[in-house]
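Participant: Here is what each chain is made of, one letter per residue.
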Amino acid sequence: MPTERAPAIDAAPPSLAGAGRALFARDLALAWRRRGDIAQPLVFALLVVTLFPLALGNDPALLARIAPAVLWVALLLANMLGLDGLFRGDAEDGSLEQMLLAPVPLAWLLAVRVAGHWLTTSLPLLLAAPVLAEMLHLPRAQLGVLMMSLALGTPLLALIGSVVAALTVGMKRSGMILALLALPLYVPVLVFGAGSVMASSEGLPVLVPLLLLGAGLALALVLAPLAAAAALRIAVT
Amino acid sequence: MNPVLLWFHRLGSPPLFDAFAARWVPWCFAIATVLMLWGGWEALFVAPTDYKQGDGYRILFIHVPSAWMSLMVYALMALYAGIALVWKIKLCEILAMACAPVGAVFTAITLATGAIWGYPMWGTWWDWDPRMTSELVLLFLYLGVIGLNASIEDRRAAARAAGFLAILGIVLLPVIRYSVDWWGALHQQQTIRLFGESAMHASMFKPLIIMVIATKFWFVGSLLQRARVDNLRREAGKAWARAAAGAPEARA
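Chains V and Z supply the protein sequences, listed in that same order.
Take any residue in the first sequence, count from 1 to its spot, add 16: that is its number in my numbering.
Take any residue in the second sequence, count from 1 to its spot, add 119: that is its number in my numbering.
Careful: at least some of the hints might be erroneous.
Calculated cross-link-like contacts (lysine-lysine; reagent style DSSO-like; alpha-carbon spacing at most 27 Å) [unchecked claim]: (1) Z:LYS357 x Z:LYS209; (2) Z:LYS325 x Z:LYS335; (3) Z:LYS325 x Z:LYS209; (4) V:LYS188 x Z:LYS335; (5) Z:LYS325 x V:LYS188; (6) Z:LYS325 x Z:LYS171.
Ranges of calculated distance between the beta carbons of each label pair, as one might list FRET restraints [what the hints assert, rightly or not]: (7) V:LEU117 x Z:TRP126: 49 to 55 Å; (8) V:THR253 x Z:LEU156: 24 to 30 Å; (9) V:THR66 x Z:ASP273: 56 to 62 Å; (10) V:PRO121 x Z:ALA227: 48 to 54 Å; (11) Z:ILE332 x V:GLN56: 53 to 59 Å.
Hints are computed from structural coordinates only; laboratory data are not their basis.
Each residue gets a CB set at the ideal place from its N, CA and C atoms; glycine is no exception.
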């Protein structure tokens, strides 16, 4: 028998901060209960990074040249594979409709959801990136630029990916089509992200692509949740 | 009501659109064919030989109109999708989804003719320069719209989702083009252009304009035909659709 009373019908709707905190706590709690899942994108990125020296042979100079691109692609693919989990759990048990009906703006809830998702999937990848970089003999001088580009780029990937994931929510066998839709939209992020590290390897200015990534992130922080909310409403007809 | 607005609204009715399309599709294809034959003759035999590229440049008269169409069709598709999402006009959904395959084929023709032109002229089938790369990404965007439309059962929901994707793509298309352009500038030390693009001479302009207009008519004909088929398929249960498709009188 529940001991708490439901809120009265004329009670004030929850504040943005309150609702955000509640959703964030819920997402983190759920992620903590399946904390083994954190290993999956990490191991995937590790495997992708391992494939390249296996295919190319053990030439440290060659690996060092392609290291920024391989790392970026590995993290991008790991990110993309994690997108399916963004809404699937909620779509299956009906919580997604509750989010749609909530008195708080859906865009705000989605922003909080993407933040939690980034913390649980991309942040571990970010922390593992220096290890992966060392495996590919990335020159130490480029590591700083790589980390900066990843720090700006992975939230951007998560935000853009959330829009595509919202569009394909509830579709059976959505894995491949999610990838096909998300990858063209990831192209600018990859170009500037990997491009900044390649620029630093050639001695060209790195500030420009990093600033552009930052600008894209600033735009996406505002626009992507709104677009994802619209996409979610379209998809959950 | 303003007659133009009235015409527009009447066209949104499925049976009236079917009659409109049935009437105009043959004309569009006929005009397009005539213009393509004329343009092709002008392009192959009348336009002068280029002093740098010889006769091989003539593929330009297919390549450039296709390229312009690939971009125009995407913009039109996004426009139809926007109207469909805001005003929920069923016919605009149909038109938006009908644009996608036509645009995709124009993009593919652009890429293919570009490769065919590139090999004898510049020594390579493909180069990853900004223009080619962003055209390739445009093809991926088209394929994404087609794929998403095909993978959702309910036709209206599918058109809404794919239309939203088309609008997303149009917002990102300039970003992609610009970002890939910047990437090209990064690696400028790699390749130096062997052939510069000379400003077009009037004698070459005429076949180009004819081919551009021809592709526009071909596009309108294709669009109306595809939209007509989709419309009939969706409204297949209705009596007017059975009559229009010439079905024998239904068993009551």
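Participant: Checking against the hints above, which ones are violated?
Facilitator: 3, 4, 5, 7, 8, 9 and 10
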